[in-house]
Structure formats: structure tokens, C-alpha cells
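**Student:** Protein chains in written order, with the numbering used here: chain W, 1 to 403; chain E, 1 to 403.
Think of the hints as simulated: they come from the structure by calculation, not from any bench. Accuracy of the hints is not assured; some may be wrong.
[Stated by the list, open to error] Partial list, computed: chain E residues near chain W (C-beta under 10 Å): (1) 40; (2) 73; (3) 80.
[To be verified] If you want the footprint, here are the derived chain W segments under chain E, 3+ residues with CB under 8 Å: (4) 23-31; (5) 70-76; (6) 240-251; (7) 272-281.
[To be verified] Derived Cβ-Cβ restraints for the label pairs, each shown as a range: (8) 65(W) / 400(E): 24 to 34 Å; (9) 197(E) / 20(W): 42 to 52 Å; (10) 137(W) / 237(E): 51 to 61 Å; (11) 67(E) / 51(W): 54 to 64 Å; (12) 164(E) / 355(W): 51 to 61 Å; (13) 197(W) / 58(E): 20 to 30 Å.
Positions of the beta carbon are idealized from the N, C-alpha and C atoms, including for glycine.
There are 2 protein chains.
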Amino acid sequence: MNPDPDYSAAYVVLRTDLGDGHGFCFTIGRGNEVCVAAIRAHAPLVTGRALDLDDLGGFAKGLLHDSQLRWLGPEKGAVHMAAAAIINAAFDLAGKVAGKPVWKLLADMSPEQIVDLADWRYLTDALTPADATDLLADMLPGRNAQEARLLQYGFPAYTTTPGWLGYSDDKLVRLARQAVAEGFSQIKLKVGVDVAADVRRMRLAREAVGPGVRIAVDANQRWDVPEAIEWVRALAPFDPYWIEEPTSPDDVLGHAAIRRAVAPVKVATGEHVANRVIFKQLLQAGAADVLQLDACRVAGVTENIAILLLAARFGVPVCPHAGGVGLCEVVQHLSMFDYVAVGGSTRGRVLEYVDHLHEHFADPVRIVDGHYVAPSRPGLSTEMKAASLADHLHPGGPVWRNA
Amino acid sequence: MNPDPDYSAAYVVLRTDLGDGHGFCFTIGRGNEVCVAAIRAHAPLVTGRALDLDDLGGFAKGLLHDSQLRWLGPEKGAVHMAAAAIINAAFDLAGKVAGKPVWKLLADMSPEQIVDLADWRYLTDALTPADATDLLADMLPGRNAQEARLLQYGFPAYTTTPGWLGYSDDKLVRLARQAVAEGFSQIKLKVGVDVAADVRRMRLAREAVGPGVRIAVDANQRWDVPEAIEWVRALAPFDPYWIEEPTSPDDVLGHAAIRRAVAPVKVATGEHVANRVIFKQLLQAGAADVLQLDACRVAGVTENIAILLLAARFGVPVCPHAGGVGLCEVVQHLSMFDYVAVGGSTRGRVLEYVDHLHEHFADPVRIVDGHYVAPSRPGLSTEMKAASLADHLHPGGPVWRNA
């Protein structure tokens with residue numbers, strides 16, 4: 001579905017007298033300028049205004065509830081990605097001002113403070129703010145122990161590196177073995193173009209890693225519901241752990257039908273889910289075993305807090321989408337906050353890792369023995385290096401001038 | 001929810017050696033430039049290319065399946081509205097070349113031609129192209145009689161004019177009576193700010209129009225699910241015909257819960273539904289009694305054909321959203337095509353009418369005795385007058401210079 005990604009980002013710097021916050025939303029090329037236009041459309045709601053770092057929930061709602069911009073969504077597409085970039089920039093700033101990485105900033109908040117960050121509109125049939133506060137309060141006693149374990153062991157990762165379509169069988173086998181040697185307990189294969197080839201690749205991967213390593217498969221929305229069921233059943237003999245994005249990300253009922261048909265293979269989705277209302281329904285309909293939130297498609301940290309709380313309420317693990325531009329850097333904060341203060345466990349949770357573009361970030365992720373190391377630097381790890389920004393600035397930067 | 005609309009449009013002219021096609025998507029002010037950017041992002045897929053008027057389904061898919069632009073949706077928000085503007089412009093051109101209004105252009109096509117216009121991806125669990133072809137073939141014998149009735153009587157309309165929030169009680173009563181005198185058999189009230197005021201306004205409207213005229217109420221997404229149920233029950237003694245947009249347009253399961261709780265009051269939704277996948281689920285879940293497609297939010301004529309076919313499959317009437325900028329002009333073609341060739345009946349179908357901005361269109365709608373008169377001029381009625389375009393061009397036009 002994404003044959004020719006040309007990784008791009010619309011980058012926001014929120015300049016304040018307390019310092020700068022950095023955020024972005026990422027695209028795969030054409031249309032990046034639409035996100036830039038959408039970010040600029042929010043500028044009058046931000047520039048010259050006072051920013052209350054103790055009310056970032058209010059700041060986010062100020063962007064998301066603008067009635068005229070809302071018309072372009074509501075809460076989806078380019079305007080929503082733009083809001084994500086700005087809201088994440090505000091959290092990056094808040095972390096820097098507090099001298100904490102954002103996972104720790106959030107994990108040190110009271111249940112009431114966390115609940116106040118989320119926008120509860122359209123959620124109360126599934127979870128009320130009062131119930132969410134209780135849920136967070138129940139987790140308070142475990143926070144210190146979870147934080148200590150996080151700092152000691154990190155957060156479990158899986159790798160998509162071996163499984164891209166187009167790799168030779170030899171390369172697939174070599175990279176799958178290498179991933180296991182590096183300490184990963186889960187790998188992922190892209191599927192969906194040719195069922196016979198997918199069966200062959202899945203068999204080779206299973207033979208390479210043995211029975212104890214999970215192999216997730218990812219269809220990137222290629223199938224209709226009946227085709228998804230048939231295809232996953234063809235792969236089932238090789239014990240796929242989850243099928244990711246089997247169909248349209250909007251199709252809650254379709255995911256539910258697929259999940260019923262392919263169990264015990266799990267269904268995972270979320271990287272293209274537009275907002276918390278669709279996530280709520282995936283949970284209500286029993287449509288997913290694994291929720292894969294994205295840092296920059298829903299409205300940043302605040303909406304992701306709502307999604308983490310909903311997932312905890314329904315007992316469904318969140319395994320964020322990463323890769324792209326800087327997603328690994330951002331989503332690690334969300335998963336670590338989830339572990340310390342919301343879900344309280346790493347059971348069933350694993351964070352995608354793609355070894356790609358980290359060199360452009362001021363505080364890149366670190367993976368040790370198949371685990372993300374908890375970042376210690378203040379902020380949301382969203383800041384790109386000044387040289388990378390200058391080099392890739394469109395259209396005047398040297399990378400573009402020389403293209 | 002829309003307190004300060006500043007009606008705006010991103011306007012497309014598709015210039016070809018066969019003539020020009022006109023299309024647009026409409027916004028309520030801020031963010032219109034985001035739609036302009038999204039339309040421009042599609043330009044490389046359109047300009048300089050050959051346009052096959054016998055394969056407008058292929059033309060539409062060429063826009064919608066672009067993998068990089070799709071990342072900004074998929075199929076939602078600004079990029080989808082942009083696709084709507086371009087696709088509708090192509091149909092306006094096709095109607096002009098054929099010398100037919102688009103409702104007639106479509107209604108003269110074979111079942112196979114109609115089915116080929118739709119994008120069937122993600123729909124086949126609910127309706128296959130073969131079943132849709134059969135459905136259309138079953139309606140072939142009635143086409144001539146339905147067209148004759150359409151030309152004689154027009155298509156039934158309802159009016160939102162009496163019911164805007166902020167009107168005095170006197171004005172509401174006067175306009176409600178006037179609507180009935182003008183031949184409308186349905187009116188609509190906006191609700192959702194103050195339940196006591198809504199009960200009073202609903203009572204006054206019911207007293208003004210009597211028991212035989214339908215009164216729809218429209219909440220414009222203001223409520224969570226529990227609040228929607230409570231509010232509609234408070235209005236129920238005055239026999240509301242439908243509750244429109246009671247909650248988030250993404251919330252299929254929420255609409256289903258509301259519908260179960262407020263029956264026999266009908267649930268209507270669709271003006272902000274992003275695409276055919278959400279419409280499919282509204283039908284599968286029994287979440288709506290009335291589907292309200294929009295001409296410019298989903299991907300124009302082609303996606304609306306899929307929605308009309310799905311609705312016919314499930315036996316749910318389509319009553320399009322109109323008003324805004326030029327929606328009445330466009331959706332009349334969809335409803336008339338639906339009547340002649342798809343649904344085959346006006347039962348339960350009524351087309352919104354708002355008396356607003358028609359003066360800017362080259363072929364404005366005509367309402368006689370509460371009915372839309374079938375347009376006879378070739379095209380999709382999307383073309384604005386040259387003077388209106390020149391006057392309102394942003395930022396250089398005289399209306400903006402003098403603002």
C-alpha cells in the first residue's frame with residue numbers, strides 16, 4: 001500500500017519565553033505541504049497567546065474545538081495531524097521546563113491531572129472521567145516499582161527490519177536470525193501482495209527463528225474482510241502472532257469479523273486510526289487484541305492519554321506504531337508512561353522498532369538487548385538536530401537543491 | 001457546534017479541450033486554504049493527463065489510491081474533500097459533453113457502467129459488485145416511469161429555514177407556518193444547547209405546524225451517547241421525526257445505541273461521515289434510519305454511488321445533506337439518480353433545502369411547492385457565475401479587499 005515512501009515531516013517549533021518545544025507530523029512525501037498548511041491554519045490560535053503548562057488539556061482543546069477548522073475533520077486527516085504536531089511540541093516544552101522526559105512528567109502526575117489532559121467528549125458511554133481517575137488511583141501503589149523496573153530493564157521492542165516486501169528469501173532469513181541474536185523476541189513480516197509468496201516467507205521465517213519467537217504479519221490495509229480471513233488462514237500453520245491492519249482502519253465491524261474468524265491469531269490495528277472515537281469502538285466491539293496508537297496521527301499526547309485509558313479499561317494492550325520519521329522517539333514516552341502509571345505491566349506490550357532516521361534526532365532512541373532504554377533527557381525526544389533541519393528544509397535546503 | 005460559519009469554498013476548474021468542468025468543496029472559513037493546498041497536491045495527477053470520460057471510476061481511483069496522499073487520510077479530511085472537488089468537476093464536464101444533467105447521465109447508464117464507477121475496496125463483505133449489478137438490473141423496468149414522475153412532480157424537499165438557534169420564538173413560529181404554506185411537509189430545528197429551550201421551541205413548532213408535518217431535530221454532534229438519549233427522550237412528546245447527528249459522526253456503535261434507545265424517533269446522520277466504510281458500518285450495525293450523504297465530503301459522485309447502492313441493499317433511505325455552499329445544487333442530482341435508477345421510490349426520502357447562496361450559481365436549484373424541480377441544464381450544477389468567482393476570489397477579489 002505504501003510502495004514509494006519519501007519520508008517527510010511538517011516540523012513545528014513553539015517558541016516561548018520559557019524555551020522552545022518541538023513537534024512534527026510525518027508523511028510519506030506528496031501532501032507534506034498540506035500538513036504545513038494545516039499547521040499554519042492553527043497559528044492564529046497559538047502565536048502571541050499565553051501558554052499555561054499546567055493546562056495542556058485546555059491548550060489542546062483550544063486547537064481541536066475551533067469550529068471552523070473542525071469542519072475539515074472533525075478530528076481526522078490533515079487538521080488532526082497538524083494539531084498533533086503542535087500539541088506534542090507543547091509537551092516537549094513542558095518536559096524541558098520541568099526537567100523531565102515526558103514519560104516521567106506524565107507518570108509523576110496525579111490521577112486527576114492526567115484525566116484533565118484528555119478530551120472526554122464522545123467517550124463517556126465507554127469510560128467516564130471519574131472511572132478513569134479511579135483506574136489511575138488503583139495503579140498508584142505500583143508506580144515506584146514499575147518505574148524502577150523500567151529504568152533497569154527498559155521496555156520490550158520488536159523489529160520490522162527483517163520483513164519488508166522485496167527482500168530476497170536469503171536476506172529475510174539472515175535478518176530474522178540476526179534479530180533473534182540481538183535479543184528481539186518478536187519480528188514482523190509485511191504481507192498482502194501474493195499469498196503463495198507470503199506462505200513461503202512465513203515458513204522460512206518460522207524455520208529461521210524457531211517456535212519461541214513471535215512473528216507478526218502486517219497487511220497495511222490491503223484486504224477486504226473476506227480476503228483477510230482467507231489469507232490469514234493460509235498463514236495460520238506457521239503461527240503468526242498478530243495480523244496487523246488487515247483492512248480499512250475505519251472498519252471497526254470488519255476488524256471484529258476478522259478477529260472472530262482468525263482466532264487465535266490476534267488482530268492488531270491503529271496506526272491509521274483517526275481518533276479516540278474509532279479506538280473506543282474497536283474496544284467496544286471486541287475488534288482488536290492489540291491497539292497500535294500513533295504519536296502524530298491522533299492529536300498527540302493528550303488524545304493518546306485517552307486511548308491508553310480506554311485500552312486499560314477494556315484490558316487490551318497498547319503496542320504503538322513506530323518507524324516513519326521519529327515515531328520511535330515519541331511513542332517510547334507513551335508506552336513507558338502506560339507501563340508506569342496506566343497499564344502497570346509489560347505483559348502483551350511490545351514497542352515497534354525500525355532502525356531508520358534516528359541520526360536526525362537530538363535524543364535518539366537507544367535499544368539494548370531488544371529493549372528500549374528509558375530516555376532521561378527532558379522533553380518528548382521530538383527535537384531534530386539543527387543541521388538535519390537546515391539540510392532538509394523544503395525547498396531551499398541543500399538536500400533539495402541537490403536533488 | 002458551528003457558531004460562526006464564514007461560508008467559503010475551494011473551487012476547481014478542470015480545463016480540457018472538450019470544455020471545462022467545475023467543482024468545489026466547501027468550508028466554513030478558516031482552513032479553506034488547507035483544502036486549496038490539498039487540491040493543488042492532486043494537480044500532478046490530473047494536469048496534462050488524458051481524461052477518459054467513459055472511465056470516471058478509474059479517474060477517481062487514480063486520485064484516491066495515490067499512496068503518498070492517501071497517508072493523509074486514508075480517504076478522509078482535507079485530501080478527501082479535495083478529491084471530491086476534482087471528481088465532481090469531472091462529472092460536471094461529462095454531463096456537459098453528453099448534453100445531460102448528471103442525474104440523467106447516471107440514470108441512463110447500464111447497471112455495469114454504474115457499478116464500474118464505484119470503488120469496491122472495503123465494501124465486499126456488505127455488497128459485491130455482482131450483487132449491486134443485480135440490484136440495479138432489477139430496477140431497470142421502472143426507470144422510465146420514475147423519470148416521468150420526477151419530471152412531473154420534482155423531488156420532495158424539506159426546509160431548515162425556521163429552526164436556526166438564536167431565532168426568537170415568534171420568528172420560529174412565523175417561519176414554521178410559512179414553510180407549511182409553501183408546501184413543505186417537513187421542517188428542521190437545530191437543538192442541543194439548552195434542553196429546556198429546545199422543549200419549548202419544539203412545542204411551539206409542533207403547535208405551529210400541526211400533527212401532520214414532520215419536524216426533524218439536528219444536534220450537530222453536540223452530545224455524548226447517554227446525553228443524546230436523555231435529550232431526545234425529553235423532546236419525544238412533541239413527535240420529532242428524526243434526530244440528526246446526535247453524536248460524533250465516527251461513532252457507529254454510539255448511533256446504534258442511541259437508535260435503540262430513542263425509537264420510534266429515527267436517527268439520521270452522514271453529513272460529516274468521512275467515507276463509504278463508515279456508511280457501510282452504519283448500515284451493518286443498524287445504526288441509522290436515514291443516511292445523509294454529502295456531495296463534497298466523501299469523494300464526490302463516485303463514492304456517493306457506492307453509498308446509494310449500499311443504502312439500497314439495506315433498505316435505508318438516503319436524504320442528503322444540503323445547505324452550505326452549493327450543496328443543494330449538487331445533491332439534487334444524486335437524489336434524482338437514486339430515485340430513477342437505484343432506490344426507485346421517494347418513500348422516506350426528502351432532500352434538505354436551505355435558501356442560501358443560490359444566487360452565485362449558474363444553474364441554481366428551483367423549488368416549487370416544496371419540491372426540487374429536476375435540473376435540465378447539462379452538468380452537475382456546480383458552476384458558479386464568473387462575477388461571483390471574481391468578486392470572492394481570495395485574497396485579491398473586491399469582497400476581500402473591502403473587508
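**Student:** Now tell me if each hint is right for this structure.
**Tutor:** Checked hints:
Proximity of residue 40(E) to chain W holds as hinted, the smallest CB-CB distance being about 8 Å (cut-off 10 Å). Because the beta carbon of residue 73(E) sits about 6 Å from the nearest beta carbon in chain W, less than 10 Å, this interface hint is met. Annotation: interface hint on residue 80(E) holds; nearest CB of chain W at approximately 7 Å, less than 10 Å. With 5 residues having a beta carbon nearer than 8 Å to a beta carbon of chain E, the stretch 23-31 of chain W meets the requirement of three or more and the stated coverage holds.
Coverage of a stretch by a chain is defined here by at least three residues with a beta carbon nearer than 8 Å to that chain's beta carbons; for the stretch 70-76 of chain W and chain E the count is 7, and the condition holds. Counting residues of the stretch 240-251 of chain W whose beta carbon lies closer than 8 Å to any beta carbon of chain E gives 5, which meets the minimum of three for the stated coverage. Check on the stretch 272-281 of chain W: 7 of its residues sit with their Cβ under 8 Å from a Cβ of chain E, so the three-residue criterion for coverage holds. Restraint check, residue 65(W) to residue 400(E): a C-beta distance of roughly 27 Å satisfies the suggested window 24 to 34 Å.
Checked against the given bound of 42 to 52 Å, the beta carbons of residue 197(E) and residue 20(W), roughly 47 Å apart, stay inside it. Checking the proposed 51 to 61 Å range against residue 137(W) and residue 237(E) shows it is violated: the Cβ atoms sit about 42 Å from each other. A C-beta distance of roughly 37 Å is found between residue 67(E) and residue 51(W), which places it outside the suggested range of 54 to 64 Å. For residue 164(E) paired with residue 355(W), a C-beta distance near 57 Å keeps the hint of 51 to 61 Å intact.
Separated by about 27 Å at the C-beta atoms, residue 197(W) and residue 58(E) satisfy the suggested range of 20 to 30 Å.
Of the hints listed earlier, those the structure fails to meet are numbers 10 and 11, in rising order.
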